[in-house]
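Chains A and B, in that order, give the protein sequences. Note that the UniProt record's numbering has the first sequence beginning at 1, numbered continuously upward. Note that the UniProt record's numbering has the second sequence beginning at 1, numbered continuously upward.
The hints are simulated quantities; they were obtained by calculation from the structure and are not laboratory data. Where hints are given, some of them may not hold.
For identical chains, the list gives no copy identity; a pair is met inside one copy or between any two copies.
[Claimed, not checked] Pairs of lysine-lysine, DSS-like flavour, derived with a Cα cap of 27 Å:
(1) K273 / K327
(2) K81 / K534
(3) K125 / K616
(4) K630 / K470
Computed from a predicted structure; not experimentally measured.
Protein chains: 2
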Amino acid sequence: MPSQKTIKESKTDVLIIGAGPSGLMCALWLARCGIPCRIIDKRAGNIFAGQADGLQSRSFEIFQSFSEDPFDFVTLDKAWKAANHMMEMSFWSPNEKGTLARKSRIPDFIPGISRFHECVIHQGKIENWLNTSIDQFSEGKINVERPYLPISIKIDETKKEDQDYAVEVLVKKLSDDLAKPEQYGNISNGLFRAFEGDQDKFYADHVSDGNVEDFELIKAKYVLGSDGAHSWVRKQLEIEMQGETTDFIWGVIDMVPITDFPDIRSRCAIHSKDCGSMMVIPRENDLCRLYIQLKEVAREDDGNDGNGTKAKGRIDRSKITPESIVKQAKEIIQPFNLDVTDVSWFTGYQIGQRVATGFQRNNRVFISGDACHTHSPKAGQGMNVSMQDTYNLGFKLALVCKGLAKSDILQTYQLERKKVAHDLIEFDHKFSRLFSRKPMIPNAETLDGSRDAGGVDLDEFHQVYVQGGKFASGTISDYQDSIMVKKTGAKSRLGEESEGDFHPLANKVPVGRRLFSDLVLGHIDYKLVHLADKMPSDGRFRVVIFPGDLHQYKSNWDVLNKFNDVLEAKDSFMKRYTPVNAFQSSVIEILTIHASSRFDIEFHDFPQFTRSVDFKGRTDYWRIFCGAGKAYDGTAVDIYKTFGIDKQAGAMLIVRPDSHVAQVVEFSIDGLKQVDEYFSGFMIDQRNNVLPEKDKSVNDATRFVQPKLGV
Amino acid sequence: MPSQKTIKESKTDVLIIGAGPSGLMCALWLARCGIPCRIIDKRAGNIFAGQADGLQSRSFEIFQSFSEDPFDFVTLDKAWKAANHMMEMSFWSPNEKGTLARKSRIPDFIPGISRFHECVIHQGKIENWLNTSIDQFSEGKINVERPYLPISIKIDETKKEDQDYAVEVLVKKLSDDLAKPEQYGNISNGLFRAFEGDQDKFYADHVSDGNVEDFELIKAKYVLGSDGAHSWVRKQLEIEMQGETTDFIWGVIDMVPITDFPDIRSRCAIHSKDCGSMMVIPRENDLCRLYIQLKEVAREDDGNDGNGTKAKGRIDRSKITPESIVKQAKEIIQPFNLDVTDVSWFTGYQIGQRVATGFQRNNRVFISGDACHTHSPKAGQGMNVSMQDTYNLGFKLALVCKGLAKSDILQTYQLERKKVAHDLIEFDHKFSRLFSRKPMIPNAETLDGSRDAGGVDLDEFHQVYVQGGKFASGTISDYQDSIMVKKTGAKSRLGEESEGDFHPLANKVPVGRRLFSDLVLGHIDYKLVHLADKMPSDGRFRVVIFPGDLHQYKSNWDVLNKFNDVLEAKDSFMKRYTPVNAFQSSVIEILTIHASSRFDIEFHDFPQFTRSVDFKGRTDYWRIFCGAGKAYDGTAVDIYKTFGIDKQAGAMLIVRPDSHVAQVVEFSIDGLKQVDEYFSGFMIDQRNNVLPEKDKSVNDATRFVQPKLGV
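Chain A with its partners taken away, still in its complex shape (with noise of 0.2 Å):
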């Protein structure tokens, strides 16, 4: 290796180790907030067939809130359109004769819960989508580098401030011919990367020779380490997982089934009598995906598999191949037939639940993905909980590294995601191995009672399928209390059907969770809309004053317009954390919903700070909403209800920029108090922040959210 002294120095932002979904979605972020930012990977290119495929309703939840551009770009809300939508689960088991036999059928989504439900679609598409979209938002500047390998990484521990560059990282640029996944034929093979156990040698091999313009000293304010099961940075930190690995080892093959099985085009979940188990995903296009469970795999010595747990005996990767599963499944469909064509992918892997220790080290330096938690793939839950890891990191450090708040906000992140993280585990390890055993046959005490004494109760399974879908779906994820959730005055319910922790005020809206989307009507143009089409994920928190009827309560009216004059007053939380010379909504947006008929109040009747007015005078329509009321296709509109607001007493939300709710308060003056206390607790005074002037207008200042006015 190269001295230090003669290697070049960079400097950025944040560097994020590790290209999967769950880098790519915290770069995301990073470019749609203008961050200075640098993603590198090992692995020579992207995936193109294979790996993860669900993708849960709160992930395109997430898109959707990326997705503002409406025009010649290809945008993430694509992912909707393109994936296969699966409505339905069919389970299948042996009959009282022991025959493969359909049990029963259910739709495999929950109504209701979100505007989107869960599909299937694989990692590859959605990492270009991940990729065009950071390209877009950073017009160019952020991309991934590849294949670039982590040496070596230091935290500076004497660099206090949030904006030193207080961790650096030597990279090495290897040659574009290393680190490509293998081929089995033409078939990709994901047995390299589901089986990395190897890769220490290959750091062995490449980390000392080279020439001294392949090697780089990164200086960053912040690093992430999204790199996988495998995690470098996790074992350079020296954190620890913990929990377990089973006995079942699983094959996994994407083709195109010729078959007459009858719910190839549903999701099933097939437990043979002597055969194992399997589960059916169908995919986009002709597509299935097959999990197999496999009876006989030769496994190696046991050994430790530098993970920090005990492994019991490695599989033996070279007796899993495309064949092997291929005449598994074959065995566990019968009596239907089955052959297979294109096949694209396959991979097999061990069930295990492992969890981090800890998500990060001083603040600086933070673990996201498969290097927090590993699981098993069948509840389609890798990639989504992965992306939503950094969905919670990302805006954070957003805001630290514009100055706008202080670094306290990163410590939430651990606090946040690492009791997703056990919760996952949990749903998992009760979930794969009632999937993983052999099933108990009905009535079978009266043919064979032995044999079936370990069975697993099909029944139970299915409960614990439905029981998770809500869990799975990712959108009850409950952050604590903290400094950015003030649950003040929620009361927490239990066993209801809406769990969660309620303010009287808005007494359906749970906080420390995802705001649910609903209907809204624009005051301007009476259209329909989704209250969360009008909170992107553009970097801002979001007061939404909810004033009530204000047609039916004058008194009403009056809070509103006093509002005016305290938000307008030069002490007031949208003035001290605003740039001097920003947008006046740049940092926190302001959003009114009233409860009257449309037709009752004209756009001009309301105080100035709830339609604010540009540089030029342009003024922003799509601020004030009717949320109740009939739309003109007789489309019933009542957010009020949906939220459990009274419509005399009204309420207030504080929005976080990754839309969960903050804290619930009082529509009132005290309320608005609050408001002010909430921001206080880690927003940065900016009131002697003026912008460097650009060659455009300073309002339009590169690295603060600007408000684009649009429909």
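Please arrange chain B on chain A, whose structure you already have, making use of the hints.
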């Protein structure tokens, strides 16, 4: 001009002259169907602002039908996302005191007529997406060539075979800096296009000079002139325009308004007391378009306008400026204030309605769009009817060029579209005159009866607007009986809510009109889909079989099973009109929509012909649908009811590639014979046509539609 012997020659199946929306829609069809085609335009670049902006429901349906690709492409369905969805129309006129006041607000769409409604977005964007789609479908082979000037056109009448290159067009490549739109300061000046009377001089200047390399003789089987209101092609064919112009002069301006007028984000028709009328069209982003009646515009001397009709004195273009248009708008909108910023485009026009006496010559050269019909722009019809012209013509040209159908079908183009043009002109005549004249003031008789004697009754204006909406949507265009439309057995119903010609077996499906799309459920996966999305614009005819409730009426199963023998026979229409080695559903596709509970029938119960299998044995699962049932999300589906089809009797529809219903027949062997007869009328026997083997499988033969298996 150089001698014709020395200039280069080339061949193409279809030459399109003029790359506006009409020409591009034709190119899109040809690209989709793999037909060699060229498209030239005399302008140097395409449009970035202004021009047409209204998109009607039918246009969105057409866009959707070309938007199959779910992956990395920007497809035409972007238009629906990007456009401004106008929900509301407001009528403003003088109140009893003569002060401008809101008279009424109504929905600006007809619920239920389509799954889309009218929206606005500027033509340049539409042209971009059309270009992108053409590029994608043709794999880069078809792109607009510009600036190219057509010099001469000749039809060789001795060439009588459909595949003869019977038309010769001499063209000249211009230099890039010619023919660019004029600018008015920084503002795009639409006057350049609106008054193209000077083009004769332009031709004279540029035809004779230049080098021999600039000229090219293009030999084509068929030619389309979609070259605008001052169509060169139309003049060469000596086709006359019939109609008239009026005295009313209007200005148009695109800008961002700064105003206290409360309905600035609704479509508004404003009749001022003394200052003329104005239409407000809120556009994408913050843009707004104003159509403003100009009171005083100086005119040139009377003279012929070069289009075959006497003009009443041409407008002096230099007097129409953004400033003069805004000045007038301010007067009309008083007592409200109006300022403007971000002016991006303006133009002026004189209202007139004219239709070409013929739409083609010798079944070889066709004209479309503004070349066939001109009218006022305020009903948002121009771009739509122009695209719909070539949506009609394009698939016919493709069928003929492929050698699948006789060129006789091309004669139905003029038959079908000329009537639409006349209906359009009639509607526009009525609407634009009511809009341009002074309003009658309510109760004015009691104030000053004489002043309002000639005023427009605003209630009548309102009525005409509402009644016109259905026509304007483009969804009710009705094509007459011809070789391509058989109204056999259908009876005309007039004066009812749904007008048209109805066959008793499907008594809500108007024969000759586009098939209304309703939801159906995929039998295999119980997924809700719009029927139209399973009938994309790919050049194929469809036979849609409604076999009724197969569970309840067992004899219907028998009929369906008997179909298998008929259709698999060597002389069936499926075999006769499909090339020997092409996919079995390349030319005609069969869809089956039953009315049984999906849970009573298994997929593999259906006869083989309903679920086609490709050369690899892969099944196309998305051709059998359940047309009556309840989706998992609770949506009720009953397309039998929507279409007026009895669940015992059933029915069959023949649907053209443009989704117009060609014929309704009985669900029986006899009905199948009628289907056979329909196709015998114009299709060409393919039983000796073996497609050339390409590098890939013959099934992928590029000039025949490859039915993509797909979700």
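Now the hints, each set against the structure:
In this assembly of identical chains, K273 and K327 lie within 27 Å of each other by CA distance solely inside one copy; the values are 16 Å within and 84 Å between copies. With identical chains, the CA atoms of K81 and K534 are at most 27 Å apart both within one copy (21 Å) and between copies (15 Å). Within a single copy, K125 and K616 get their C-alpha atoms only as close as 41 Å, which misses the 27 Å cut-off; across copies the closest is 25 Å, which meets it. Taking the closest pair of Cα atoms, K630 and K470 come within 27 Å of each other only across two copies (23 Å); inside a single copy the shortest separation is 30 Å, beyond that limit.
Hint violations for this structure: none, all hints satisfied.
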